[in-house]
Amino acid sequence: MSRMTTFLLVLFIGTLLSTSIYAASKRQADAWNYYHFDGSAFVPGPAGEGTAFVAVLEKVRPVVLTAQTEQLEPTALPDDSGVIAGICYTQSSGGKLGDSSRFRPYPRVPLQVFSAGKQLVTIQTDDNGYFVVVLPAGIYSVGSGSFTADITVERGITTLAPLRVGKRMVD
Amino acid sequence: MKRFFARLTLGIITLFQLSATVTAGTLDDYYLQQFGETGNTQLQKSVLSVSPETAEPARCGTPLKHGLRRDWKRLQSSTQKVLAKQLAAPTLSGEQTYLSPSGKFKIHYTTTGTDAVPSLSWVQTVAQTFDDVAASYTSRQWQLAPTAGSSVPYDVYLLDLAPQKLYGVTNSDQSASTASHPNAFTSWMELDNNFTDLIYKTGSYTSLQSLQITAAHEYHHAIQYGYNYYFDIWYAEATSTWMEDELYDSVNQLYSYTTNWFTQSTLSMDIDASTSNGGGYGRWIFNRYLAEKHGTDTVRSFWESLASVSSPGGDDIPMTPVLESVLTSKYGNSLGNDFFGFAKRVYIRDWSTHTAEITSVPLHAYSPVASYSINSSNKTHSVTLPHYSFAYYDLTTSGATSLTISINKSSGIQTALFKNGSEIPAETGGASYVVGSFGTADKAVLLIANSTGSDGHSASFSTNGSPASVTEPTPTATTPIATSSSSGGGGCFIATAAYGSYLHPQVQQLRDFRDRFLLTNAPGRAFVAFYYRNSPPLADFIARHSVLRTVTRLALTPLVLAIAYPLMTVISMLLMAALFLEMSRRIPEVRLRRRNNMP
Chain A
940 MSRMTTFLLV LFIGTLLSTS IYAASKRQAD AWNYYHFDGS AFVPGPAGEG TAFVAVLEKV
1000 RPVVLTAQTE QLEPTALPDD SGVIAGICYT QSSGGKLGDS SRFRPYPRVP LQVFSAGKQL
1060 VTIQTDDNGY FVVVLPAGIY SVGSGSFTAD ITVERGITTL APLRVGKRMV D
Chain B
176 MKRFFARLTL GIITLFQLSA TVTAGTLDDY YLQQFGETGN TQLQKSVLSV SPETAEPARC
236 GTPLKHGLRR DWKRLQSSTQ KVLAKQLAAP TLSGEQTYLS PSGKFKIHYT TTGTDAVPSL
296 SWVQTVAQTF DDVAASYTSR QWQLAPTAGS SVPYDVYLLD LAPQKLYGVT NSDQSASTAS
356 HPNAFTSWME LDNNFTDLIY KTGSYTSLQS LQITAAHEYH HAIQYGYNYY FDIWYAEATS
416 TWMEDELYDS VNQLYSYTTN WFTQSTLSMD IDASTSNGGG YGRWIFNRYL AEKHGTDTVR
476 SFWESLASVS SPGGDDIPMT PVLESVLTSK YGNSLGNDFF GFAKRVYIRD WSTHTAEITS
536 VPLHAYSPVA SYSINSSNKT HSVTLPHYSF AYYDLTTSGA TSLTISINKS SGIQTALFKN
596 GSEIPAETGG ASYVVGSFGT ADKAVLLIAN STGSDGHSAS FSTNGSPASV TEPTPTATTP
656 IATSSSSGGG GCFIATAAYG SYLHPQVQQL RDFRDRFLLT NAPGRAFVAF YYRNSPPLAD
716 FIARHSVLRT VTRLALTPLV LAIAYPLMTV ISMLLMAALF LEMSRRIPEV RLRRRNNMP
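Quick mapping for you: the protein sequence lines, in order, are chains A and B.
In this text, residue positions in the first sequence follow our numbering: the first is 940, and each later residue adds one.
In this text, residue positions in the second sequence follow our numbering: the first is 176, and each later residue adds one.
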């Protein structure tokens, strides 16, 4: 092998190695990811001060927070289980004298979880309208009254579900 | 002895269970009775009184609601479902109620604190106004808002909404599904307690006028919930605002909302409701055009047609297809033609109703997006318009004696030219207009409208005979909206399937790449459109097989890395290319040496 080839090969491997090290240093697999609800969907990042958001980590039960904390104690999910976490909210639209906020959390609302047409469990949203339910992998129907959503739960994964349970026409 | 203890334990458990059930039932029935939610269960029917409301059944609801909050977790889920609105509905300190003369409305008010009403006579005025509004809607054949029962009045809460800068709010409540209205919902309303604060006085409106238009507006939202909960917000506001003037013609506050539409007419008709751009509220004037052209029943026909439409997966139902369907099937027209006719009327102002307001309220005049002198050096102008939008251009001259405008346009564009207010017919083929006599005192106005439901239609016009070429719009790749019925979506179907969630950071990176680099140019958009058309079946297949998901994640890794670390990727690729070239050069040499047994 010529010197040139050796040089290029070493340089190539060196580049790949440094990229991998750099990527690994930024890897977030073992860090909590934050998501907040923006009125229509969950988006990455924590919400503003005092507003609830969800901290998510693979194979760990998600945590609903209202402020970022240094340390979150991870609670491992049971084998073959996943999580549905979400928010029940009332959509808020309009405003003649100024645009209104886009949603209102719906606290303390009971939600039924169905599997294969049978009611499995009833849960209730917290004071921020959020809910977390750990379930075996499968397909579930989650909702309140007329408002239900079909959600697939996968092992170790947290599925974020915004559930609209009402509308406010604001003028 | 052992058997005795076992039986005793079983007995105690059974007794405890029974007492818990009985207690729960009693508590549930107590709250259901107190909040007037008689419901339909056998137990409730046997326990509750069904005596009718008296004219002034004043009672204080505050301690009851506090008790409900305290005992919430002890109630059965079915009871919680029925009473959930009581926690959502406002809690007035020292609440009293007043039943309107017709019995259709129950006004909740207080005489103490910041929410206090000015007087009992104001409460009576509110009640009478709602009765008048309901009678007006009935005479116009609208179906009134459903309530929890045929004899149950509609709840209106009077609160101090001025600090929140609100006139009123109408909240959805419970399903009131019927065979003809499967998505009907009941609702309840909050209204400002007096309309005396300065924010309600910007147009010199009296408190009574503010009350009247707010009652007309908000109660129509209540009616809309009764037709179909999944209504499209922009058209709900357009209809409620239009109704303000139909019921209270002399107030005329609604004209102030049209200005921001006409100054931003290049935005689509069905954008979100906002007074800052005329969204929703300002669109009421399109209803007036339709009412003048086809009759005032037209607007009701849209809502009646909407009543039987199913929600697309829990989302609201887009209204423009409903308008298109009704205008076509019932009135022999199309939304495109009516939208273009409306856009022309914005300039011509040949309104046939409310004619006194056309001159006295000059807030719905057209607004040109640009003005050009046909002698300027830049004589070719182009515009691309989103669906159901329009643009006006003013054209003047400082020396020419005639005007010829040549136009290239894509299939969704309609145009019209006016000279001093009169429409000039297009030349054969519709690609040009000729104005024979055109002097410095004249003004021509060109209207370009996208009268279709597709974005990206464009036109180019020129006064020197050489407009720029235009192309038909590429089908837009619509990003699926994450809804309550779906945990996936959000674009990048294959990546979402591979990584398990559209919220996965790698999927987010791919979406960002799509939005920043692919959707900003024509080839990129074409690729995205192709991808969105063809990838869902493949994504479904991948999602069902864990091995395939792993393989796809591995296959996507170079792409994700390339997006995350573009510089390093370029360097790596250059090095690989150099290595490949060097190896290609070296291999024949080595083979030759081997063949010749050379060292």
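You may find that some hints are simply not true.
Short derived list, chain B residues pointing at chain A, Cβ under 8 Å [what the hints assert, rightly or not]:
#1 S296
#2 W297
#3 Q299
#4 L341
#5 N346
#6 S350
#7 E412
#8 I446
#9 F688
#10 I746
#11 S747
#12 A753
#13 L754
#14 R761
Simulated from the structure, these hints should not be mistaken for laboratory data.
This one's a predicted model, so the numbers in the text were calculated from it and none came from an experiment.
Even glycine gets a Cβ: it sits at the ideal position worked out from N, Cα and C.
Do the hints match the structure? See the list:
1. Taking 8 Å as the C-beta cut-off, the interface hint given for S296 of chain B is violated, the closest approach to chain A being about 25 Å.
2. Taking 8 Å as the C-beta cut-off, the interface hint given for W297 of chain B is violated, the closest approach to chain A being about 20 Å.
3. For Q299 of chain B, the interface hint is violated, since its Cβ never comes within 8 Å of a Cβ in chain A; the closest pair sits about 23 Å apart.
4. Because the closest C-beta pair between L341 of chain B and chain A is about 6 Å apart, less than 8 Å, the hint holds.
5. Hint status for N346 of chain B relative to chain A: holds, with the closest Cβ pair at about 5 Å, below 8 Å.
6. About 5 Å separates the beta-carbon of S350 of chain B from the nearest beta-carbon of chain A, less than 8 Å, and the hint is met.
7. For E412 of chain B, the interface hint holds, since its Cβ comes within 8 Å of a Cβ in chain A; the closest pair sits about 6 Å apart.
8. Annotation: I446 of chain B was flagged as interfacial toward chain A, and the flag is violated, the nearest CB pair being 12 Å apart, outside 8 Å.
9. Interface hint at F688 of chain B: violated, since its Cβ lies 15 Å from the closest Cβ of chain A, which is beyond the 8 Å cut-off.
10. Taking 8 Å as the C-beta contact cut-off toward chain A, the hint placing I746 of chain B at the interface holds, the least distance being around 6 Å.
11. At a threshold of 8 Å, the smallest CB-CB gap from S747 of chain B to chain A is about 5 Å, leaving the interface hint in force.
12. A cut of 8 Å between beta carbons decides the hint on A753 of chain B: the least distance to chain A is about 5 Å, and the hint holds.
13. At a threshold of 8 Å, the smallest CB-CB gap from L754 of chain B to chain A is about 5 Å, leaving the interface hint in force.
14. A least Cβ separation of about 6 Å between R761 of chain B and chain A falls short of the 8 Å threshold, and the interface hint therefore holds.
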